[in-house]
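Colleague: Sequence:
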Amino acid sequence: MVNKAQTVDHAEELGRAWAMHRNGNQNGAAEIFKNILIKSPSNLDAMYGLGLAQRAAGQNSEAIETFDKALAGVHTELQQNPGEDRLEILERMLNQRLAELRAITK
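Heads up: the sequence shown runs through residues 819 to 924, numbered per the numbering used here.
Source of the hints: derived by calculation from the structure; they are not laboratory data. Quantities reported herein were computed from a predicted structural model and do not represent experimental measurements. Ideal Cβ placement from N, Cα and C applies to all residues, glycine included. Any given hint could be a false lead.
For lysine-lysine, the following DSSO-like pairs were computed, each having C-alpha atoms within a straight-line distance of at most 30 Å [unchecked claim]:
| hint | residue 1 | residue 2 |
| --- | --- | --- |
| 1 | K924 | K887 |
| 2 | K924 | K852 |
| 3 | K887 | K852 |
Derived Cβ-Cβ restraints for the label pairs, each shown as a range [said to hold, decoys possible]:
| hint | residue 1 | residue 2 | range |
| --- | --- | --- | --- |
| 4 | P900 | E830 | 28 to 36 Å |
| 5 | N878 | D827 | 28 to 36 Å |
| 6 | P859 | L896 | 15 to 23 Å |
| 7 | Q897 | G846 | 15 to 23 Å |
| 8 | N841 | G901 | 30 to 38 Å |
| 9 | A874 | I907 | 15 to 23 Å |
| 10 | R834 | N878 | 21 to 29 Å |
| 11 | T923 | R840 | 19 to 27 Å |
| 12 | N845 | A921 | 20 to 28 Å |
| 13 | Q897 | K924 | 25 to 33 Å |
| 14 | E883 | A837 | 22 to 30 Å |
| 15 | A837 | K857 | 13 to 21 Å |
| 16 | G846 | P900 | 32 to 40 Å |
From just these sequences and the hints, can you work out the full model?
Modeller: Given below as structure tokens:
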């Protein structure tokens, strides 16, 4: 996925954002995910989390845009790391979330 340094650098922030998301604080989670993306624009974990927070907050158009961007990032990473399980799983999850959102926004 993203390089290990990015993941380690943002592990605490990601943990706080995921906790906020799980506890229903979507705006707080989204702000943290966005702050991570300002520092590390290709952080796929933050992109996926932001998309989930946006979806949970009813911001479906924004979530679709975020998930599309994350999916493009996954495809780029898969070209560099073909067959990487984590990326393939994330690709499937993103495609599933996008299909769900597109079905309800038609």
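Colleague: Which hint numbers doesn't this structure obey?
Modeller: Of the numbered hints given earlier, the structure breaks just one, which is hint 7.
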